[in-house]
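Chemist: Chain by chain, the residues run as shown.
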Amino acid sequence: MSLSGYLLLSATLFSIGLIGFLIRRDLIVMLMCLEIMFNAVNIAFASFSYYNANLIGQIFVLFSIAVAASEAVIGLAIVLAVVRNTGINHSDDIANLRG
Amino acid sequence: MNQIIEQIFYIYFFISLSILSIGVIVSKNIIHSAFFLLIFLLHVAAVFLFLNAEFLMIIQIIVYVGGVLALFIFAIMVMNIKEELRHKRFVRFSISGLIAGLLFLGILYTFVKDVRSSENVLSTSDVTLLGKLLYSYYLLPFEILSLVLLVALVGGIIIARKTPFDKEFK
Chain A
1 MSLSGYLLLS ATLFSIGLIG FLIRRDLIVM LMCLEIMFNA VNIAFASFSY
51 YNANLIGQIF VLFSIAVAAS EAVIGLAIVL AVVRNTGINH SDDIANLRG
Chain B
1 MNQIIEQIFY IYFFISLSIL SIGVIVSKNI IHSAFFLLIF LLHVAAVFLF
51 LNAEFLMIIQ IIVYVGGVLA LFIFAIMVMN IKEELRHKRF VRFSISGLIA
101 GLLFLGILYT FVKDVRSSEN VLSTSDVTLL GKLLYSYYLL PFEILSLVLL
151 VALVGGIIIA RKTPFDKEFK
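Here the protein sequences line up with chains A and B, keeping their order. One point on numbering: in our numbering, the residue at position 2 of the first sequence is 2, and numbering is uninterrupted. One point on numbering: in our numbering, the residue at position 107 of the second sequence is 107, and numbering is uninterrupted.
If you're looking for bench data, these hints aren't it; they were derived computationally from the structure. Hints should not be assumed to be uniformly reliable.
[Stated by the list, open to error] From the structure, some residues in chain B lie toward chain A, with a derived Cβ separation under 10 Å:
id: 1; residue: 10
id: 2; residue: 47
id: 3; residue: 97
id: 4; residue: 162
[To be verified] Taking beta-carbon pairs under 8 Å as the criterion, some of the chain B residues facing chain A (in silico):
id: 5; residue: 48
id: 6; residue: 75
id: 7; residue: 77
id: 8; residue: 91
id: 9; residue: 135
id: 10; residue: 138
id: 11; residue: 148
id: 12; residue: 155
Glycine included, each C-beta is placed from N, C-alpha and C at the ideal position.
All chains, full assembly: derive it from the sequences and hints.
Modeler: Below, the structure is given as structure tokens:
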């Protein structure tokens, strides 16, 4: 396969993740769609690394995985705090910004 | 022959990754989307194997499947979501989100479709090269990353703990 094939795969997965993030209501599935988008970007980094014969892309994938892990921790903690404090777990029901 | 096998595997991974990520979005039960995400992450690990990134495959399985996905399932268990089965899944203006995403895919496709690359591809390299690069040129970002993980750990505990104003906020 060529580079454009893998980039097309990455673009498709990123778009599916973006659509899911925009249209799903519950907060946990929105975070899952963020993980899909992270994985799409990781595929793009790894394919650039492969087709340019350069290891720096893989280093960036490592950084991206670490940032994604910490993002999942913080996001789930925020969702848990929202659900515990307000009893809401749908994104379009959250209407107040106070506190 | 090798080319044809790679082509077949590429088509398989394209179709299955698309179906699995759509399954994450459209599945009604939230734990089903977690398991779709599990198989999705394992397929992405296999794609890393095709791109000569064995270390990334191992890290993908350890961190994502062992860490992040376990965290998701743990959060679903803690939040005890049962009423999800009779609520509607999508927001009210979901068709506009769909149009925006497809438009985004079209714009990306115009950038991606005729990209060229050099002929020499990455040979099978061992982890030693990656480690040397990570500990020499990228030492400072690596150390900053450890701080980011520490902050995420502490912040996660502080945000998710029980607060005294639970009742008055309702």
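Chemist: Could you run down the list of hints and mark each one as holding or not?
Modeler: Hint-by-hint comparison with the structure:
no.: 1; hint: 10; result: holds (5 Å)
no.: 2; hint: 47; result: holds (6 Å)
no.: 3; hint: 97; result: holds (3 Å)
no.: 4; hint: 162; result: holds (7 Å)
no.: 5; hint: 48; result: holds (6 Å)
no.: 6; hint: 75; result: holds (5 Å)
no.: 7; hint: 77; result: violated (11 Å)
no.: 8; hint: 91; result: holds (5 Å)
no.: 9; hint: 135; result: violated (11 Å)
no.: 10; hint: 138; result: holds (6 Å)
no.: 11; hint: 148; result: holds (6 Å)
no.: 12; hint: 155; result: holds (6 Å)
Hint violations for this structure: numbers 7 and 9, all remaining hints satisfied.
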